[in-house]
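Hey, can you work out the whole structure from these sequences and the hints?
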Amino acid sequence: METNKLITWIGCLCAFLFMLNSCNDSLDGTTFFTTDEMTIAETLEANPDKFSMYVEILEKTDFYNAFKSYGTYTCFAPTNLAISNYIKERWNATSISELSSPEHLEFLKIIVKFHTLPTRRAASSFVEGRIPELTYTGDYLTTSYVGGGGIANVQINREATLDQYDIEANNGIIHAIDAVLPPFIDPVPKIMEDSGNYTIFVEALKQTGYYDEFSEIYNEDGVRINFTILAESDAIYAENGINSFADLANFISPDNSDYTDATNDLNRFIAYHAAQDFYYSSDFPDDGFISTVLVNNAIKSLKTDKELKINETETGVDDTWISLLSESSNLPAKNGVYHTVDKLLTIFTPEPKYQIFDFTLTPSVGKLAYGTWYGDDQNAGPFTNPRVFPATRVRILRQSSNPSYGTPQDGGNTVFNCGSVTWLEFDTPVLPKGKYEVRVCGNQGNNGRPVFQIYWDGQPIGSQWDMRDNLVDVFGSNWAEVDSLEMRSKGYVRGLKDRFNGSGVSAYDNSNWGRFIVTSDLLCPVQQSHVLRLETIRSGGIPIDYVEFVPVD
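If you want my numbering, it's the 1-based position in the sequence shown plus 1317.
Derived by calculation from the structure, the hints in this document are not laboratory data.
Since the structure is predicted, the reported quantities are computational estimates derived from the model, not experimental observations.
A portion of the hints provided could be inaccurate.
Stated by the list, open to error - With a Cα cut of at most 30 Å, we get these calculated DSSO-like pairs of lysine-lysine:
| hint | residue 1 | residue 2 |
| --- | --- | --- |
| 1 | Lys1750 | Lys1626 |
| 2 | Lys1651 | Lys1426 |
| 3 | Lys1426 | Lys1405 |
| 4 | Lys1430 | Lys1405 |
| 5 | Lys1523 | Lys1507 |
| 6 | Lys1660 | Lys1507 |
| 7 | Lys1367 | Lys1377 |
| 8 | Lys1377 | Lys1660 |
Stated by the list, open to error - Pair ranges (Cβ atoms, derived):
| hint | residue 1 | residue 2 | range |
| --- | --- | --- | --- |
| 9 | Gln1593 | Gly1775 | 40 to 46 Å |
| 10 | Arg1475 | Ala1410 | 20 to 26 Å |
| 11 | Pro1449 | Arg1407 | 27 to 33 Å |
| 12 | Leu1642 | Arg1855 | 51 to 57 Å |
| 13 | Gly1467 | Asp1870 | 46 to 52 Å |
| 14 | Glu1624 | Asn1560 | 26 to 32 Å |
| 15 | Gly1736 | Arg1407 | 53 to 59 Å |
Even for Gly, the Cβ is constructed at its ideal location relative to N, Cα and C.
Encoded structure:
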């Protein structure tokens, strides 16, 4: 009997998941209950004054039973007034019953999927940015506080505000919204063109050939892609005496009208305005770089408590920078997002800049909790950054007893623990061209540790790093009294002063956390990301912490 119940439960769950992801989007009419509490569908139906029209949509699209079944979902439910306004404007209809064509039904299905998340997300988790989970249409919803602080002012996709929020149900949570969220259909360039505020920039996209490129939604392998575009509006161009595309072309590329040529100055100017990824303003690095479509050229990002500074000169005197106009930025589309800059975004060449790269904060693993495994059979997906060979599971470890690098957001002091792998490699942050000293840090001083040779873009660099040795092994018990020049002569720098263990001891005063100098003469001739590999000469347990890139005059 218990086996039959389990089989029934699994079968019901599979049917529901199939419904949400199949072309037919249909159920067989059977409803399965987990408890006697009200489900999302029942909760909506119990409030007809507010949700009767959305219930009609669910029934018409065969999604009603889905929201009356197993699962955990977030339902952004438009109110009756919101739906009435929407169908009147879009189809000149006054009731859901009038929407009966196959085209109507297909679009209504998209609306339901677009308004649904596959997890439970309360309003208290809304931040200035995108909601991490994709909707059932594969899109990100965004939340904004452009109207001021507080949940009452949050805007969803800059289209709707919360009429009511955190309505609890057995299988999820409901947020009532005062407008229907138009599903994303068009790519970023089309949305910008339709707005009418970017006629010069859009014409430049067309003349350079980037309009079509930035309109792609899937790559040749069928994988969804995103673009982030930073654009000048017509008003910003006007402030700079540019009132037409001809003015812009004459300003940027007066002597070459072959705008599709990748070496043309206007072509390079437009390529520099786009990144092939999704960057809401909250996704911009606190202090780092964003690679652009223009090869070997990145945008510098620096966040302060008050503003986002793009391409700050950092001269110390009369520093200049560009920022985003908040009221016309963070505007999503089917394949990305676009922002409006407040000044001309010309190609910027940054000075070499100190950067620290923490393995546990890389994009593909940074959202995993400490103590969790990371590997090709985990939720983190296949290895992308970092990568190990042979492909195996590795682990993010919290080391509160050690002064390793980390932040409160990632659970405190963490290391990326690789055991007995042949090599570990990762894509570095974008480094401005210049000369760098490269340092690496990990928990050293144990006979079970490995010996590494470091490779840079496939070529060996610097000295071998023997993690079996700590500062005591190299300099003796009085290592703390060794001056910095002598320490550097043997390839070490003391640990960071601002990293502490659970007892309050700094890495600077801990012999296991000295920084090994891989090389102090690494030349980066162009601005780009690189591949750094640590290849084992002797295998062992590998608690890697971070790599530093220090500019050298």
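These are the hints, each one checked on the structure:
With a C-alpha separation of about 20 Å, the suggested pair lysine 1750 and lysine 1626 falls inside the 30 Å cut-off, and the hint holds. Of the supplied pair hints, the one linking lysine 1651 and lysine 1426 holds, its CA atoms being roughly 17 Å apart against a limit of 30 Å. With a C-alpha separation of about 18 Å, the suggested pairing of lysine 1426 with lysine 1405 holds against the 30 Å cut-off. For the hint pairing lysine 1430 with lysine 1405, the CA-to-CA distance comes to about 21 Å; that is within 30 Å, so the pair holds.
Restraint check: the Cα-Cα separation between lysine 1523 and lysine 1507 comes to about 11 Å, which is no more than 30 Å; the hinted pair holds. Distance hint between lysine 1660 and lysine 1507 is fulfilled; the C-alpha atoms sit about 23 Å from each other, no more than 30 Å. Proximity of lysine 1367 to lysine 1377 is assessed by CA-CA distance (about 18 Å); at most 30 Å being required, the pair is judged to hold. At most 30 Å may separate the alpha-carbon atoms for a hinted pair to count; lysine 1377 and lysine 1660 exceed this at roughly 49 Å.
At about 24 Å, the beta-carbon gap between glutamine 1593 and glycine 1775 misses the expected band of 40 to 46 Å. Roughly 25 Å separates the CB atoms of arginine 1475 and alanine 1410, a value that falls within the hinted 20 to 26 Å. Between proline 1449 and arginine 1407 the Cβ separation comes to about 29 Å, which falls inside the hinted range of 27 to 33 Å. At about 55 Å, the CB distance of leucine 1642 to arginine 1855 agrees with the hint of 51 to 57 Å.
Between glycine 1467 and aspartate 1870 the CB atoms are about 49 Å apart, so this pair conforms to the stated range of 46 to 52 Å. Taken as a hint, the range 26 to 32 Å holds for the pair glutamate 1624 and asparagine 1560, whose Cβ atoms sit roughly 29 Å apart. Between glycine 1736 and arginine 1407 the beta carbon distance is about 57 Å. The supplied range of 53 to 59 Å therefore holds.
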